[in-house]
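Q: Sequence:
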Amino acid sequence: MKYFLRFLGILLLLVLLALGFVVVVATTDWGQRFVTKQATNFLAKKLKTPFRIGRIAYRIPDWVLLEDVYFQTPKGDTLLAGQTMRVDLDMLDLVQGKITLNQVELSKIRLYLDRRLPDTTFNFQFLIDAFDTGKPKPVETTAAPLDLSLDAVALNDVRIRYYDDVTGLDTRAYVDTLRAQFGLVDVNRSRYHLDSVFVSGLGVNLRVFKGVEVAETALKPVNPADTLDLQLGTWQLARLRWNVETEEAGFNTNGTIGRLALAAESFSLAKQAVVLRSVELGNSDIAAVLEKRPTKPAAKAAKTAKTPVTDPGWRARVGSLTLANNRLRFDDQAKARQRRGLDYAHLDVKDLNLAARELIYSPERISGQFRGGRFREKSGLVLQRLDADALYSERLISVDKLLLQTGTAGRPGTLLRDGLALRFDSLAQFSQPRFAKKVAVTLRLRQSQLAVADVLDLVPALEANPFFAKNKTAVLRANARISGTLAALNVPQFEVSTGTGTRLNVRGKLTNVTDPERLGLDLTVPELTTTQAELDKFLPKGTLPNTVALPPKFSLTGRLRGSLNALSPDLALRTDWGNASFDGTLKNFVTGKGQAYAGTAVLTDFDAGKWLKNPKQFGKITANATVDGRGLDVKTMDTKFRLALREATLNGYRYQNLDADGMLAG
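So the sequence shown is residues 924 to 1589, counted in the working numbering.
FYI, nobody ran anything at the bench for these hints, they're computed from the structure.
Treat the hints with care, since some could be wrong.
DSS-like, lysine-lysine: derived pairs with alpha carbons at most 27 Å apart [to be verified]:
#1 K1476 to K1558
#2 K1361 to K1476
#3 K1258 to K1273
#4 K1393 to K1460
#5 K1395 to K1476
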């Protein structure tokens, strides 16, 4: 018994000494220095390159800290240099096979990774080799999967350089401050739920070049149960900068973002769906460049068996989008710059602002409510305001609550108000007259105006058109209401004016508007007034013969019925040089062959001398005539007429009360 008690006492003393040593190592600075020295000695036996771990600190069971860390590659380059690397974790969970990371914090880290030919391994391969025993480990089929969770990540002044000749990547990235909070991280089930991300100061320089061609390997089939579950949470990003260059594609993009805020509701790669509560982008400058590259002959496409497309496509919904003080630039260096107008290959949009709500994108629908849109482009085009509820779907295109305003103080602009709706079964119906009844149209324009200068900015090629060339500063004002189908359009209101002497007021019906050969009309013209100066600007040069003049002012009223090649006009013309009217039918005047005409024409104080620029031979004429005939050529025409001349002056002689019946036959 005495020996047993002595043995028990010695054993208890050893246990107490061991516990005391553990307590000293775990709780004192001396213990932490001891652990640092032992870890350094262990690594020194494994590594043949310079390294340094200035201090290992910890508090069991809460956290581990490494300070003044440095590792050098066998080539003498820096692999890793860092001021502090801290991991907050639950050490007791390690006993249960769990890795619970409360926070990973890195400060003043410099990491350099590269893989340069002819070497095809990374510069950290020496670390892997140092701990490689050379004996293959048996594959464990019964081991439990890694149970790892992460709550937060904090980065302060982190710089990373990555260069890879094999994949063709040259990257430099930095982050000044990053804070990320996770709601859930489950590596086994690929579940990564972000709660919040805050970034201040983030930059990426990326160059993508041609890497080493490697043989393609068959991809393993994706396990449907192993799908990525990613939740984005809320993001607050500030002071972003990037420069991306893709050498083979000849595409570069660079830019800065002052502020980007994002609040996500859901995100699913498997379902290809994303829902964002809000997105805010402010004080950004984003540029994209397509380089001019030599044209390569197109490679013959290999014949492949057609397979049915089953990809449903992405779906996205954004509750609100706010753009404030942004700049967008695009430059296609392969295309020459235009002399004027909006150059779609060389865009520079400044002061881009927009507030949008309920944005939806899917293969079947694109829609949104837009308010307060404005920008200015280097061409001179200035969008003062854009409001609209827009929808594009498989059977409906609509723009409602429209307010589009352009222009500046020294340049009158466009103002479009109200809306447009097009209903159809397919877009092909617009170009197929037999489906005209299937396309419904509703158009409303209220107190609107269109600046010709804006049209020329959007379509610079129209400057070659005489009308646009002579009316660059013109502004057309309009009110309109149109409804019905392309087979039968009702036009209760259509008013256009130039503000400088021309007014058009038309109402009525149009039929078969997509088929010129069957186009029908029944239009009442309460007012069409214009001036000789206006027509000189609107009509192409040479439209009127040199022997015909126009009065300073004139107006036209009446009605037009029929089709383009079977027109029944009942029109009255009033001018400073007399009045004229015609009520009858005109056939084949558009086709230009087999013209026929019948009706009654009335002239009242019609000063033919002024109209024909020959006042010595012709004077005023008051008469009415009934005609019925064919042809316009005197040599071939066949026309019957009845003339009632009340008064006319010809060659200085005055004629009155002359009636005549006759026929003109070629």
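Q: Look at each hint and say if it fits the structure.
A: Hints, one by one, checked against the model:
1. K1476 to K1558: violated, 35 Å
2. K1361 to K1476: It is violated: about 43 Å lies between the C-alpha atoms, which goes past 27 Å.
3. K1258 to K1273: Holds - the C-alpha atoms of K1273 and K1258 are around 22 Å apart, at most 27 Å.
4. K1393 to K1460: With Cα atoms ~6 Å apart, K1393 and K1460 stay inside 27 Å; holds.
5. K1395 to K1476: Measuring from Cα to Cα gives roughly 23 Å; hence the hint holds.
Figure legend: structure checked against the earlier numbered hints; hints not met, in rising order: 1, 2.
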